[in-house]
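K.L.:
Chains as they are written, first to last, in this note's numbering: chain A, 1 to 283; chain B, 1 to 284.
Treat each hint with caution, since some may be false.
As the list claims (entries may be wrong) - The calculated label-pair distances, taken between Cβ atoms and stated as ranges, are: (1) E173/A to D60/B: 56 to 62 Å; (2) D59/A to W11/B: 49 to 55 Å; (3) D59/A to N174/B: 43 to 49 Å.
By construction, these hints were calculated from the structure, which means they are not laboratory data. Quantities reported herein were computed from a predicted structural model and do not represent experimental measurements. Where a beta carbon is used, it is the ideal one built from N, C-alpha and C, also for glycine.
Chain by chain, the residues:
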Amino acid sequence: MAATRALAAITESPKVRLALLLLALAYILFFLVLPVVVVFTEAFGRGFTYYVEAVSEPDAQAAIKLTLLVAAIAVPANVVFGVAASWAIAKFDFVGKSFLITLIDLPFSVSPVISGLIYVLMFGGHGLIGPWLDQHDIQIIYAVPGIVLATIFVTFPFVARELIPLMQEQGTEEEEAARSLGASGWQTFWRVTLPNIKWGLLYGVLLCNARAMGEFGAVSVVSGHIRGFTNTMPLHVEILYNEYNLPAAFAVASLLAFLALVTLVAKAILEWRYGHELAPVHH
Amino acid sequence: MTAAAARTSFWRKPSILPGFGLSMGFTLLYLSFIVLIPLAALILRAAGLSWDEFIGVVADPRALAAYRLSFGASFLAAAVNIVFGVLTAWVLVRYDFPLKRFVEGLVDLPFALPTAVAGIALTALFAENGWIGHILAQAGLKVAFTPLGVVIALVFIGLPFVVRTVQPVLQDLNKEVEEAAASLGANRFQTFRRVLLPAILPAALTGFALAFARALGEYGSVIFIAGNLPMKSEIVPLLIIIKLEQFDYAGAAAISVAMLAAAFVLLFMINLLQRWSRARIGAF
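Please model the complete structure; the sequences and the hints are all you need to start from.
P.N.:
Here is the structure:
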């Protein structure tokens, strides 16, 4: 009797368990499952032929190409930065390290709209060096370079914040051993460090890429919304939506939703299969 | 070796590993050009206003209405997320159910789904002819194109934070503490309130603050569902964009600086909460 009461008191009664479970699942259903389902339902609402037409018309194609181009520049740039920053921060001891880490995380605390605005204030017609750029016929704002810069800003911390804790956990012993056996600095990096961090790096790249291809607010501020030229996929979705062309808007949106689902699956596989080779927060 | 030692200065410990100068130099250069100098340009632009002009922009009635909506809706959304986030974390850690792995992975969807896609999807769901909207409309509740729509979008955006901060704490929690409480005569609710809740509270509040901070700056998912009427359903990021489109650069910069200040205060609080959270976990 006493034993069953004690047991009852460390778990909930079956009814309470069921109620809590259903409540949590309802929350997941309304806020996560239905939004994804509605994107695909609306996208294919007018049939498959309409869908294919909507994603292959020239403006949609231009938007897809621009999104791929922007990610192809922004992601590698942040990978190089992330590797350099985590090498300096994780492998060496110096004063001001935690302040530097705070600065690297800073872009995550800045609203996407402000992330775009800062580049307009730097490079726009009325910006800090805008007049000089004008004289030299260099266009950054309302052009592709501005979109790339804004995308780099919003995805800035992803790779670094994954690699810094991972490399801190791994320490410096293996690199020191390689060095004392005569390996050069680059040999040490390519043969010792990189193999140790490859899954963490891939994890960071995955999240960085998803955000780079999906960014809306920051890119919206610097893009100028020129159809066929400075329209990324998320911006194209907005234009179609505002023209009440909902099936086409959802068709392009479904490509982005598909990318998000692929990212989530790849992320789950990495966490499940290589969890111990990722930053300590994932084990 | 001696050369490396000679290059080591007072602010850095000596190391036999190479590449500190190169990696640190590149890090600082890239950080400065991408983040620090553009942010300084923003502050410089706002500093071009006199104090009275600055207050005039930052505290005009339309801006005040936007702060009220942004802060209020972000707070409500984070409040919904702290309750349901703790519940979801609990269910994921303690219960077994079909599709658990699917739910587990799906929690991060708001981090992966582009905000514009979330915005049009939520609008379609909660519009008066939408799957959820038409049920709510029968109950007389209008969600899309009202401030309530803003809250819905911000609940979506902030959903993963509380789940992801509370989950590891629940996983590490020693079940013996609960058994001890039970054997001392506590019922399940008392154990939850007196033993479990204090243990997860710092993590839950950290998640709340992270969700709140994210919601304050959010733009993409909100503008589709909000209606965007000045004084009524206009969030602060939208007001910044409107000022920019009117070529009022100084005004846009001033409101941005006010929002950045709020974001940095939140960041500081989140750091304190995380420190408290770590100290609390250590105690268990």
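K.L.:
Which of the listed hints are broken here?
P.N.:
3
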